[in-house]
Amino acid sequence: MITIDGLSVSFGAVQALRGVSMSAETGKITAVLGANGAGKTTLLRTISGLKEPATGSIRMDDRSLIHERPENIARMGVGHVPEGRGVIGEFTVEENLRLGAMMAKVPLQAGLDEQYEQFPVLGERRKQHAAKLSGGERQMLAMARAMIAKPSVLLLDEPSLGLAPLVTAQLMHTIHDLCGSNNLTVILVEQNASSALRIADHAVVLHLGRVVANDVAANVAANEDLRQYYLGMVE
Amino acid sequence: MMDPILTSRIMSDVLGGLTNGVMYGLVALSLVLVWRSTGILNFAQGAMPMFATYLGMGLLSYHLSYWPCVAISIVAGFAIGGVTERVLVRSLYGKPEINPVVVMVGFLIVLEAVASAIWSTTPRGLPSPFSPIDWQIGGKPFGLSDFTLYEIVTGVIVMVAVAALFRFTKLGLQLRAAALAPEVSRLLGVRVGRMLTLGWMLSTAVGTITTVLVASNYFTGLTPQVMDSIFAFGFIAAAVGGLDSPVGALVAGVSLGIILQFVSDYLNSNAIIIVALIFLIVSLMVRPSGLFTKSSARRV
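Just so you know, the protein sequences line up as chains A and B, in that order.
Using this note's numbering, you'd call the opening residue of the first sequence number 84 and step up by one each time.
Using this note's numbering, you'd call the opening residue of the second sequence number 1038 and step up by one each time.
One or more hints might be untrue.
Listed next, the in silico DSSO-like pairs over lysine-lysine satisfying Cα-Cα at most 30 Å (straight line) [claimed, not checked]:
1. A:215 x A:233
2. B:1177 x A:134
3. B:1207 x A:210
4. A:215 x B:1207
5. A:210 x A:134
6. B:1207 x A:233
Simulated from the structure, these hints should not be mistaken for laboratory data.
Starting from the given sequences, assemble the full structure and let the hints guide the process.
Printed below as a string of structure tokens:
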């Protein structure tokens, strides 16, 4: 479980997060929604240690993540699939997965087999350079690379970005399955609010760095004001 | 049928060029290792291994034999590379590209001056365990000796070992990942700072092996400037092959060595630097980012 309390983050004079408090429960998907510049990506980067907060706390179960280096946070079991997927194009599919498996406690081959079973297309393209994969395949690779390390927390930043609607639907289904079968704590940052709300248990809406809604996903999806003013979901 | 004397001369040039080319290739490889991991062109890449070689081979004066001194030189190379990265280079990351160039040129001058002050500029002969006398075939010198074979075999072993490290080991995977995508690597638990230090250590150790081979040559000896000309040709090889490409560095290094050997034999030994520069200019005109590199051109 991730618990965030009073988190503020600045980029010089610009305050990206202003006293954000929220939690993400184990085995549940928490969607973080909002328009461009709401602070969603900054929130994930702060959780994974890439950005140092000005104030506030972040805890994973009973361990503080504040002032920890990103590599240490990764080793604690936080997987982060960054915006743009972050696959290494010069590496083959298998090399990307081997890199992800560096922190895994299971044998490499068992981890690879498991991911190839979950994402069969990656098995077919294991020797291919990641730069040659389609957007959807790259997203699968990014998720498989995070999952092979057996994280307890998975941070996903705009996984549907640039994907066709059908691929996005499949991807959301996969995220839902992964969360359930691995008892993962998932924090899903999305601009595509309708897709995210379909699979999320809980939703947090950010606007200009502040939390404007923090409720179960069904309630957020049903709230006309939130849909219209903050999520751009005009009927 | 080809004249046996001409055949022997060509064979001798190819083997001589191959020996020099392996040295250029190793220097180019060490430059590429640092460039790929930190984006810095290390102009002290000849001087740092020279210093390590003096530290290690200097123990010959204390009645230590050749091989332990070589091992100590390599360890000193690892240490100098690591300390340089931590103390001098780390503050240069993210700075304008001219800053590391100026600092590393300054470091080169300082190291050579300090080495001259401590060990003098008089060449110090190293007692190579291999004979420099050319083998004979039919009473004619063949262009290969025990010593040149030692240089070639060692060079090839180092190249294969570096390639295997990068291709087949966990450490190599992390070194490559840290260089290509530092932020993503950190998110996957890779200790990027440690990998950058290791990259410098490895590069200086490879440079030290090259320096030991060059300085062990009966006709060269160890001086503070021993690597200056080799560095220049290694630099040209790295630029031609592509600063991002270890394979390119090696192929360009060996090719340059063989071309220059023929130039020296059939034209004039003074023409080799001119030909080397023409080789560089033409190659960069054809492919500005290097013949083997996959990335786009980068300002240096």
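Hint-by-hint comparison with the structure:
1. A:215 x A:233: Roughly 26 Å separates the two Cα atoms, so the pair holds.
2. B:1177 x A:134: violated (70 Å)
3. B:1207 x A:210: Roughly 17 Å separates the two Cα atoms, so the pair holds.
4. A:215 x B:1207: It holds: about 23 Å lies between the C-alpha atoms, which stays within 30 Å.
5. A:210 x A:134: Violated: residue 210 (chain A) and residue 134 (chain A) sit about 34 Å apart, past 30 Å.
6. B:1207 x A:233: holds (18 Å)
Going through the hint list in order, the structure does not satisfy hints 2 and 5.
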